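Asks: All chains, please: the whole structure from these sequences, using the hints.
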Amino acid sequence: MFITDYIKTVTNSVISLLKGMKMTGYYFFHHKEIITQQYPDVKQVMAERFRGEVVMIHDENNEHKCTGCTACELACPNATIKIVTKFETTPEGKKKKAIDTFVYHLELCTMCNLCIEACPTAAIKMDPTFEHSVYDRSQLTKVLNKPGSKLMAGVE
Amino acid sequence: MFSLENLADKVHDVLSASVSPPLTLLIEMIIAGILVISLFAVLGLVLVFMERKVSAYMQIRLGPNRVGYKGMMQTMADTLKLLVKEGLVPDGADKFLFNLAPLLTIIVAMLIMAPIAFTKGFQLWDINIGVLYVSAVSSVSVIGILMAGWASDNKYSLLGAMRSGAQIVSYELSAGLSIITIVVFTGSLSLGDIINSQRDGWWIFKGHIPALISFVIFIIAVTAETNRAPFDLAEAESELTAGFHTEYSGMRFALFFLSEYVNIFVVCAIAATAFLGGWLPFHIWHFEAFNMVMDFIPGIVWFFSKVFFLIFLIMWFRWTFPRLRIDQLLNLEWKYLLPISMFNLLLATLVAISGWYF
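Order-wise, the sequence lines are chains A and B. Under the numbering used here, residue 156 is the last one in the first sequence; the count climbs by one each step, no gaps. Under the numbering used here, residue 358 is the last one in the second sequence; the count climbs by one each step, no gaps.
No wet-lab data here; the hints were simulated from the structure. Here the structure is a predicted model, which means the values were calculated and not measured. Where is the CB? At the ideal position from N, CA and C, for every residue including glycine. It is possible that part of the hints are untrue.
[Unchecked claim] Not the full set, but computed from the structure, chain B residues with beta-carbon under 10 Å of chain A: (1) Gln59; (2) Ile60; (3) Leu62; (4) Pro322; (5) Ile326.
Replies: The structure is reproduced here in structure tokens:
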């Protein structure tokens, strides 16, 4: 009947509106539900697999695992990595290839992860840092091997 | 005991003792004007901050919390920004009307302030047709909005203004009819008499079913009349950028913004006066001790707490409900609210004649 339909429409819509108000009213009085993160005061914790930048892993003796094979440089689709190699003489008098500088251009990097997959010795990894803003572009060109670091013994 | 009525009387006595009657009237008008303007400024600051905080908490956010203690000074900073901003006037605009429109809206908001009773004996002008005056003056604000929309020379502004016109003209009807329900009970159009008739209980309790229905309809109608969500079609951001004030900037925009919040305050004050007893305290039948405690709270506190409760209700609507389409908006008014309020008026008349209210 027309009148009952009319009244039913009115009651149903009022009930659905009140349901919505109940939800927002609950949030208004329950401040523990707030999901805003106060970023500069409270540091943001990124997910484990978040790709922020490429870093080279160094242990406590300032040794890394990079042999200078340039597999990452070849794998990189946009020439982000540039490895400068040098030859070191071992105590036995043999000449051996080693890295001089591992240049990484953060401004070119797309965080595609191909270099990490290409590395045969797992010398580099993706770091979950994200605060990369700088005042000059030149500061984004980084040298990943720390000064004075050398190849870890036993890594070929 | 200190009260605002005594203060007003004392000012009047001091002035009439020292200067001539016309000058007394002039000085008193200037004082009242300054008080109203400062109330406007404070209301603007407080309500904008309240809106931002309420919206934030309802959307599980924090809201402004940097400027001042818990972000209290945020609106102050925003006002300062708006004051020093450049007020652009578009080339194609009708310069005179463009400048007049924000002034007109703020003047309308100021005029409705006149018959509102803040506490006992603290009322600018207790006219015997208070309700009629309020509903008549509040519809003038649509002229300001239409003026702004036309003078901006912008299709978004014009569309927003036309929508707002259709909306305000329609919803005036329900708002008026629901106020008339209370006039039927009271038998007077004066806001002072309406308050005095509620000494033994607010109309929302005394008038039971018809008063309750008309209260709900009034709140819905004034939400639409003040162009607030879910009826904010006049300034629907996603469709019309900002509707009638798209082209406004700087202080002219601030005046529109201020008048929106002052209008909310005014309509909530009217609702509190008509349905919730204005500045009268909450009394329960025959609980003398409880009533004594309630009487101890000054009237101005009662008035402002009622008004702010209603403002909170309207903000609650805004941050819960989705915006209506223009056809749904007009459907709601003409197919639902108007028939219901007309039927409700009949019911109220029946109740009033038979004396079924308490």
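Asks: Determine for every hint whether it applies to the structure shown.
Replies: Verification of the hints:
1. The restraint placing Gln59(B) at the interface with chain A holds, with a minimum CB-CB distance near 7 Å, inside the 10 Å limit.
2. With a cut of 10 Å, the hint placing Ile60(B) at the interface with chain A holds, because the nearest CB-to-CB distance is about 5 Å.
3. With its C-beta approaching chain A no nearer than about 4 Å, Leu62(B) sits inside the 10 Å limit, and its interface hint holds.
4. For Pro322(B), the suggested interface contact is upheld, since its CB lies about 9 Å from the closest CB of chain A, less than 10 Å.
5. At its closest, the beta carbon of Ile326(B) sits 18 Å from a beta carbon of chain A; the interface hint therefore is violated under the 10 Å criterion.
Of the numbered hints given earlier, the model fails hint 5 alone.
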